[in-house]
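> One-letter residues, chain by chain:
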Amino acid sequence: MHEIITLHTDNKGLYEFTSTAQQAVDKSKINEGLATFFIRHTSASLVIQENADPSCKNDLENWLEKLVPESSQEFTHTMEGADDMPAHIKSALTQTSITIPVIDGKLCLGTWQGIFLWEHRAHRHSRQIIVYIS
Amino acid sequence: MHEIITLHTDNKGLYEFTSTAQQAVDKSKINEGLATFFIRHTSASLVIQENADPSCKNDLENWLEKLVPESSQEFTHTMEGADDMPAHIKSALTQTSITIPVIDGKLCLGTWQGIFLWEHRAHRHSRQIIVYIS
Amino acid sequence: MHEIITLHTDNKGLYEFTSTAQQAVDKSKINEGLATFFIRHTSASLVIQENADPSCKNDLENWLEKLVPESSQEFTHTMEGADDMPAHIKSALTQTSITIPVIDGKLCLGTWQGIFLWEHRAHRHSRQIIVYIS
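Residue numbers (this note's numbering), protein chains in the order written: chain A, 1 to 134; chain B, 1 to 134; chain C, 1 to 134.
Quick caveat, the hints were computed from the structure, so don't treat them as lab data.
These numbers come from a predicted model, not from an experiment.
Keep in mind that the hints are not guaranteed to be accurate.
[Stated by the list, open to error] Calculated cross-link-like contacts (lysine to aspartate or glutamate; reagent style EDC-like; alpha-carbon spacing at most 16 Å): (1) C:Lys27 to C:Glu61; (2) C:Lys66 to A:Glu3; (3) A:Lys66 to B:Glu74; (4) B:Lys27 to B:Glu74; (5) C:Lys106 to C:Glu65; (6) B:Lys66 to C:Glu74; (7) C:Lys12 to C:Glu74; (8) A:Lys12 to A:Glu70.
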C-alpha cells in the first residue's frame, strides 16, 4: 500500500510530518511491517531528528547552511539561483529514503524522534514524499 | 520478524555489531530477504564501514569530530551538554536506517564491510537498534 | 528477486545507472513493491541526484573533494594510498543502501532524479551493487 504525502514549504528548514506519517500507517491497517519514505526531489531531503526542542532543528539548519553557503564562488550549476547547488549538496549529505519498522501498528520511533522534510531551497515549494507500507 | 539489539557504549566512536546482526538473521531462518536496521536515537547513528583495520574507524571518528567540534560557539541547543548538538548533526550526516539484502541466509556484506553503531555522545549510553527481517 | 549490477569506474565521480536499475525492475515483473540498492564497498557509495545537467554532478564531486581532501596530514589509515581514507569518509557521508518504491512497474523517481554510483577512489575499480526487488 502506498500513499503520496504532499508538503508545502516556504523557506529552508525542517518540517516535521510524523503525525501524517503515522496516519498513513493507521490507514494501511498493517500491524507489523515496514514503512519506507522516499522523497521525489534532489533539493530537499528526509531526516529523523529530535522533535522536542525547536532549538535543535534551528542549530541543524544553521550549521548546514554554514557548511554549504550560497556565497561560494565555486559552483557552475547556478541557473536556478544561488540556493540551488547548495540544496543538491545538502540533499546528498542527508537522506532520500528512510525505512522505519512498524510494530503494533506504530512507527517504532524512539521517544525523541520525529521524521522531517528538510527543505534546502528558499521560497515556496510543494514536495512529494511517497510512503510505502508493507 | 523483529528483534531489538541493545548496545552499551562508553564514549564516542564506532562499535561493530555485524556478528550480532547475523545472529538475528540466523534466528529468523529467512534464506532470502531484507534485513532493515533502525536506530531509535538522534545522537547516535548507523554506518557500514571497513572492519579490517582499526585505523579506519579512528580516522573516521577524528575527522567527523573536527568537522563538528564541541567548541563551536554557535549552538543554542546546549542544555544537555556541549557534546549534544554536535551529536545530532553527526547523526543527521550519517544513517538512522540501513537495509541489507539477505542471500543464502547471510547478510550480503562485501568482504571488508561491517555494520557499526556510531556513538556521538561522550559518557555511557544504552542504545536500541531494531532489526526487522522479512 | 535479486540481481547484481556490476559497474566499472575509472576515476572519482558520479556514474548514473538509472536505466540498468529500471531494467532489473522490468525483469522482475513486479508491478508494485520496493527496490533496494546496496553497494558492497566502503570506498564508493550511492546517491540520488539530479541527472539533467552534468554541471550538478561536477559541482557535487568538487565540493566533496574540497571537504575531504587527500592532502590532509591527519590520516593514519594510509596503506592503500592517499585517496583511500577520504573515500571511506565520503562513503560514510553518503549512502550504502537506498530503497525506492516501485509503482506501475516503474521506479517512482521524481522528474529530475537519477540513481548514481559515487566512486571515491582514483584509478579503475569494479563495483558491485545488489538490487533486491520485492
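> Hint by hint, which ones does this structure get wrong, listed from lowest number up?
Failing hints, ascending: 1, 2, 4, 5, 7.
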